[in-house]
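S.K.: Residues per chain, in single letters:
Number of protein chains: 4
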Amino acid sequence: MGKQLRAQLIGATGYGGLGILELLLGHPHFEVTSAVARDDVGKRIAEVYPHLTGRTDLVVQSADDVGVGANCDVVIFATPDRVSQGYARALADAGVRFIDYSGDFRFPTPARYAAYADRHPSISDSAHQADDLMPRAVYGVPELFRDRNAEAAIVGNPGCFAVGIILGLTPLFADGLVEDGAVAVDGLTGSSGAGKKPAPLQHFSHLNDNTVPYRVLTHQHVIEVEQTLADLANGSAGGPVRVDFVPHLLPVTRGILSTMHVNLTKTVSAASLLERYREFYSGHPFVRILDTPPTLKGPLGSNYCDISIVTSADQRRAVVMSSIDNLMKGQSGVAMQNINLMFGLEETAGLDRTPVYP
Amino acid sequence: MGKQLRAQLIGATGYGGLGILELLLGHPHFEVTSAVARDDVGKRIAEVYPHLTGRTDLVVQSADDVGVGANCDVVIFATPDRVSQGYARALADAGVRFIDYSGDFRFPTPARYAAYADRHPSISDSAHQADDLMPRAVYGVPELFRDRNAEAAIVGNPGCFAVGIILGLTPLFADGLVEDGAVAVDGLTGSSGAGKKPAPLQHFSHLNDNTVPYRVLTHQHVIEVEQTLADLANGSAGGPVRVDFVPHLLPVTRGILSTMHVNLTKTVSAASLLERYREFYSGHPFVRILDTPPTLKGPLGSNYCDISIVTSADQRRAVVMSSIDNLMKGQSGVAMQNINLMFGLEETAGLDRTPVYP
Amino acid sequence: MGKQLRAQLIGATGYGGLGILELLLGHPHFEVTSAVARDDVGKRIAEVYPHLTGRTDLVVQSADDVGVGANCDVVIFATPDRVSQGYARALADAGVRFIDYSGDFRFPTPARYAAYADRHPSISDSAHQADDLMPRAVYGVPELFRDRNAEAAIVGNPGCFAVGIILGLTPLFADGLVEDGAVAVDGLTGSSGAGKKPAPLQHFSHLNDNTVPYRVLTHQHVIEVEQTLADLANGSAGGPVRVDFVPHLLPVTRGILSTMHVNLTKTVSAASLLERYREFYSGHPFVRILDTPPTLKGPLGSNYCDISIVTSADQRRAVVMSSIDNLMKGQSGVAMQNINLMFGLEETAGLDRTPVYP
Amino acid sequence: MGKQLRAQLIGATGYGGLGILELLLGHPHFEVTSAVARDDVGKRIAEVYPHLTGRTDLVVQSADDVGVGANCDVVIFATPDRVSQGYARALADAGVRFIDYSGDFRFPTPARYAAYADRHPSISDSAHQADDLMPRAVYGVPELFRDRNAEAAIVGNPGCFAVGIILGLTPLFADGLVEDGAVAVDGLTGSSGAGKKPAPLQHFSHLNDNTVPYRVLTHQHVIEVEQTLADLANGSAGGPVRVDFVPHLLPVTRGILSTMHVNLTKTVSAASLLERYREFYSGHPFVRILDTPPTLKGPLGSNYCDISIVTSADQRRAVVMSSIDNLMKGQSGVAMQNINLMFGLEETAGLDRTPVYP
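Chains as they are written, first to last, in numbering that gives the first Met the number 0: chain A, 0 to 357; chain B, 0 to 357; chain C, 0 to 357; chain D, 0 to 357.
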């Protein structure tokens, strides 16, 4: 069919914009009709990112000049919280579908969003500008909700930590295997999740050879994890879900490895859990269940989520480990997957990539 | 008093031997009378480790040539499991005290040692050669047992992971605050813990940008942690202690950061826990209680163990984080501290080092 | 036309074999009919390299079982020196074309090969087994010799350092601009060039935070550089070419950055040199001439060679910098490019990859 | 004699201030009477740098509050260019000696300083405020000029790159061995040379796995190198000295490795050069001449400069390699050495440190 679909990219010069731009450049059906950003307007993207020399002639434009929603089938907001909600109503009125990388449209109700906003370091004190559109949005974890994408006016792309934790825990919660709905999670993340802007925590001299726990038990991504798992658990383990989450910043550029500890509601072997996971994710091309622990680098550069499980000797506790590339399955890859599903394309279109190793 | 004490170093050319050699070279009271190893016999240590050029003229000797226990006040076995136990009886008979880096003398009874040996990747099928000497050995975590060192014929230097976890959890267990005695621990370690020998897991092309969980729920260091904490908990939380431990190999050279999740037996604030920890470790020069999470690099190059604690919003769960340099407080530093205590010296002699940053 | 061409891969489980396997899996016209190696025979490649899980079902076979040259249009030797030369005559007799990663077929005459073999750490004392086939081989730097590939029975894939240095210096030598034919080159390389086998120099604890000069002024890749440039310079600068080369091992996995210093035979501006380079490499899709210095990471994961030039204030000396991914343009990428040219395919087939950043 | 000397530290919260503070804390004769900075006034240094917890109770003070030059025997300016020159006259009038980390007092005449200032990215357009004091300053490379320190009112601490290059080349220039006075140098530096302030080039996501050439042939440190070597060469090679220098930023925190290429004025063996270097630096405790190439990590954490030399097969060209810790011998270590010499102390006081390895 060729490149008949048109995407507009907002926030084109951050790592999130860069990631989806690269995927779209190699996509069989999408072209990028405009790349919008606040900085570097008028520059070629390949000047901002010299590794793109020879790959694209796109020039950064301002939102005012090009018009958000103009000349496209989908708008991609690779922007921080509270940007897309400002454009949402106009786009909805114009019948232009969009996907947003931030938390703006991950939640089905204002109350649920409020729990997230309260935790967020920068947005806690302001009201959502388009909360009536929340019911028209789909939470973009395709392995759980892909059937909804085709009809969705809006997709709220999930948080990077949330993707790996949700995929790692869903089969356990779906089967009511998690005692008290309680999980202890240590998340290990690369520096790129914090974006392109220089900051003390991501300063090379500080982060090299280092590892830094941060937002201990207070990270905002936990909200969407707990809500999603609680919905899943209804009727099985039931009751509230409680994810004690400690993110750790590692001296690597890409990747999130999440190690999740649960007590099981009944005795179960690792082998049977692995079998159950394989069955659960059968037909989902981007989840790989491994017999041995996943490594952080295993999915690097690809859209895969690698998962494995180990149980204690008495088979009453389990450790689930999941690994993703935070800029792919944790951000632009899952966005591409969501967009494919919105437009009835192959789920894997533009995403058929072997991980980079070594 | 000058350099009046004499140390013999066995296993001088591994990272463990290197670490204690460097500490002894700068020690006010110890000299190294011989440096023994199996490889590189006849070479100067500074040929094996060029960074020591100009620091020492010591030459590597074979055990046969020099005689283990000859001409020294203490023998330091910086050797793998099952080496020191072969020399132990002869040294005991000769009245020569020693410290051992391996698990050979960390356990007070054969039964307890057996639980460890069963887990160890390489020693599970052979009997201890000097188990009658176990009662004469002290488990070398000075913050718990330093009073015993002065009389000890043998000190069993603790496992690198064990040091950080035990110091992080001891006040909680001592106060009976850990529900069910259950802890979930994710340990993050640098590559140097695996020693100097090239191996696939520590191959740069594999480990760089990577993180690898290994021995999930089966690491042998957990045994000494569980036994030590169970002894502490007697009369308080009581019952068995259960540490679910997942070590992760990180792309850093040095350091162990342990993140420990517990449910509390009663409501307690982080502030009061921090206060309790400061009181508990008052008078212990190498434990630093921090108000914010420790970083992996914080203690690098020093003998410090940095600890901090965060509690959940409802104050019913706590996360304890501890950080050490695995080659210092996790190995040669704690060994030097143990040796100082064995000989009635200042606990900090030769260990007054500021961490390296940035 | 579909996957109508068949490749046999020898040395399938090293990094060189892995690299070309990944390119062939994504190639529009080639399929891999057998993957041969000495180790791991009988294992699926995806067991050896878990990141390939779900990407291929290929199983490692032994050379004896499958027969080198059987059932294929091209044999790819991703093997060390002196392997392909043992099979060369049989393949030539059978009319099977092949490409070799080692130095076996990079040289047109035994005398030239001898200069290389004398320098090589492991092969200096043995005779070439098929030197009569040397005239039938093409040295595989496509930007210089691509017209010859179509007729070549054999392609000698170039050394990783050689690619970047030759591409960086060729326009200068072609124009007779290099005084005395003398160049000082510092090469900075990632660890993966040394392959998959653990070794002290590539041990993470040694290489992390480190940089190690090695084979100073004696590296074997210089031979093919000097010979190629001397051939180019005939009639211009003429006389011998002398490349003083110091390779440095860096704590990165991939990439070679070469910094080359020359005195110019006449005054010339950087701007005019950049223009000349752009003209010279016009029509060569994998050479990018940049206005600012290339970075090591710029071409990572792609087949690009990035080049830039700076001149001294008096315009009498120049510094040329080139950057490649050593496993792509320095090895499997240039091999794929060479194979495409051997079979009359698009030079870029299977190589249309955006570099990975950040 | 105890801690009878008093140092005042200006610029206490940057990496340069941190480095000298740590050395002074462990120094047998110096105490720090005040620590001045513009940021973080009122905070304990250990809050700014948590790794100093338990090491010092010093509080950051403002220059206005404490008075520059008050209550001290020496002022240490660990500050950017153009700070110390503003205080210089007042200090000179008060008879307070000082050392400065910047280029303010590295040059004996305004003309020589101007050549430096023209190159400096930020200071080229403003006049020196105290150029009449230049003759009272000593250029602080103790291996060349230590006899002058005892009388110096001012020491201009050298540039980090300059130290390693000057020490590496001085014996060759002193012996008139460098043809045309021409050297091509590639410098490889860690990120910490750029200081504590976050910036795009030192952003972890950008620098990790990367290497970036910068200020190619225009770095300001070359000026002091060329001037120093030209002074040395008078009467031997004579004429101008020309150092073509390309700095490269590496993904390591500490260290500078400089690789220097020269043509020799006569045939000379590497062995005789090594012998000459050993003789030349005999009696200089911080220069180590190695038989094999130095590594970047070799001197890490110490004040050593490691040097080795290789010659071409025809013994007409040489490659000299030098390695230093840029924050020690390249900054605070050489400053401490200079201060010791200013006050007639042991040159090694407070600097007796074994490098950190692995």
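No lab work stands behind these hints, which were simulated from the structure alone. If you're wondering where the values come from, they're calculated on a predicted model, not measured in any experiment. Please note that the accuracy of each hint is not assured.
For identical chains, the list gives no copy identity; a pair is met inside one copy or between any two copies.
Computed list of lysine-lysine pairs in DSBU-like fashion (alpha-carbon distance at most 35 angstroms, straight line) [unchecked claim]:
id, residue 1, residue 2
1, K265, K2
2, K265, K195
3, K196, K2
4, K2, K195
5, K196, K265
6, K42, K196
S.K.: For which of the previously enumerated hints does the structure constitute a violation, in increasing order of number?
M.R.: 1, 2, 5
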